[in-house]
Amino acid sequence: MAPPPGPAPQRASRLVRLIRRPEFGSLVGCIVVYIFFAVVAGGHDFVSVQATAGWLNITAELGIIAVPLSLLMIAGEIDLSFGAVIGAAQVIVALGTGFYNAPIWAMIVLALAFGVLVGVVNGLVTVKTGLPSFIVTLGTWFVVAGLGLGLSLQLTGTSTLTLTSVPASAHDLFAWTVNGFHISILWWATITALASVVLLRTRFGNWTLATGGDLFAARAAGVPTGRVKVTLFIVTATAAALVGIIQTLEYNTGNATSGTEYVFYAIIAVIVGGVLLTGGYGSPLGVAIGAITYGFVSVGVYYTGWNTNYAQAFLGALLLLAVLANNYFRKLALAVR
Amino acid sequence: MPENPVMELHSVTKRFLGKTAVQDVSLKLFPGEVLCVLGPNGAGKSTLIKILSGVYKPTTGNVLVGGQPVTLNSPQEARALGISTVHQEVGTIPLMSVARNFFLGAEPTMRLGPFRLLDLKAADRIAVEELRKMGIQRVTDGRQTVGTLSGGERQALAIARAVYFGAKVLILDEPTSDLGVHEARVVLKLIKEVRGRDVAVILITHNAHQALSVGDRFAVLTHGILAAEFRRGEKTPEEVISLMAGGRAFEELEAAVEAEPARASDQNGDGQ
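Protein chains in written order, with my numbering: chain A, 278 to 614; chain B, 32 to 303.
If you are wondering where the hints come from, they were derived from the structure by calculation, not from laboratory data.
For each residue, glycine too, the CB sits at the ideal point set by N, CA and C.
Where hints are given, some of them may not hold.
As the list claims (entries may be wrong) - Chain A residues, not near chain B, derived (Cβ > 10 Å throughout):
| id | residue |
| --- | --- |
| 1 | 313 |
| 2 | 316 |
| 3 | 372 |
| 4 | 407 |
| 5 | 433 |
| 6 | 437 |
| 7 | 446 |
| 8 | 455 |
| 9 | 503 |
| 10 | 557 |
| 11 | 597 |
Stated by the list, open to error - DSS-like cross-link-like pairs, simulated, lysine-lysine; straight-line CA separation at most 27 Å:
| id | chain 1 | residue 1 | chain 2 | residue 2 |
| --- | --- | --- | --- | --- |
| 12 | B | 88 | A | 405 |
| 13 | B | 199 | B | 223 |
| 14 | B | 50 | B | 223 |
| 15 | A | 405 | B | 81 |
| 16 | B | 164 | B | 199 |
| 17 | B | 199 | B | 81 |
Construct the complete structure from the given sequences, taking the supplied hints into account.
Rendered as structure tokens:
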């Protein structure tokens, strides 16, 4: 309805601005969960350096994939296949170096290239056919997962492949650890910072928001929406390959079935992080905070001494709360002033 | 008319599978002039707009821009020639800010080392300035989301954007049909503002009173044929409504209105 004519309203106050930010809900949830475990599991050292390294390491590996995934979801698409890409990247690196004695850097490049390939297929099929990416990437998930496990079993007779020797250069870049803090934390922080700058301060970021916000309006304004989507499918799948490479070098083993659970956890982190399921709204920083919340829960439940299965129930409840809160915050953001 | 038309339709006919939607229509659009195309539903108004905006190509006849015959293969091609269309709802994205919407697809950037980043400060400032020039005072912060704007303000944003990016012809397709009385007034003021900037405006509407309040020239379309063309002041509102009613004599219409008072407000378009 028409608002009454009147004097121009004041610029929104600092507090209102903070509340309207897409990462606000995510931050509040994260703080509440931390305080909860600090109180309940404080006696069991949830706040210790060791536990902090624990949740940060878990957060980082999830965040490396959840943050790029959030950009894809802001553009209005989803990827389910990245879990299988994590496993496939592990197989590529471990099979190549541990079984065929290929140079590790070549296999790392090959694993990343495989990620790019899966992203290209996901992107082109989704954009060219107009099919929902949920279905397209469900298909590629199973294709990649089946091929990875099948090939690894056929070629080596086992699904778990071991690395023999890793050169220091590769180890330092992907598996360096100091005082229990893993280098993946740096990867995660860098990727989050990059994703934030790209989304909020580049033309590509503006196009990403527009593509998910209103596809037809974006096209009418001349935004190459197909190119935006394909690019983000590639970024997501390549980030998944990176997670696979990091995990292989960290544990010196590769397994085709690794990474499947990441599909669910990453989507939870994205939604808890404040991204709208329908696209067009969200922030990489919020999703990084969503990944931290996941880290708190998975480590926190362990430190309480409870049965760790409760972590899942906790995450499920968090997801539901987040969806409800997001819905509310979006209405707030759109309220006519 | 001393000036040359910025855009012209020259005996344009459009047929779909043997059915004629628009027949032998010639129109001229002049800079700084509002041409209102009036007509009942199914008169061929939307076909005409789609020919002007590059969606359809005419079956026969010519489209001229700046005196030169052109073939418009898409709305993008039309826009490149300075022909912009603003539809009722499409065009702005509610969850994005005013400034981001204003510059979507043509974002201003600045260099930072090897990177090109958005110049958000400039985008905010220009978007708010351009809206203010269009008479929208309520938007003072370019970071405000478009979802918080009223329908009239969103139209203003879409129109201001088109004009800022060099539209010479602005096609407005029923811009007030979804708006309340106050909001419709905002858009009508906006049309006068755009006309003052030497843009040729073509306003498609079925609301004769609104058309008469902003139009300089009028074209009435019925059954795909240009039934009448006249200038401001040459016809009374009653005559215009009569023409729009499909060329029926006014007396006949009046008799119908007498008989059915409920339909009267419907016919003169004030029921919006």
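Next on the checklist: Please list, smallest to largest, the hint numbers that this structure does not respect.
Outcome noted: 10, 14
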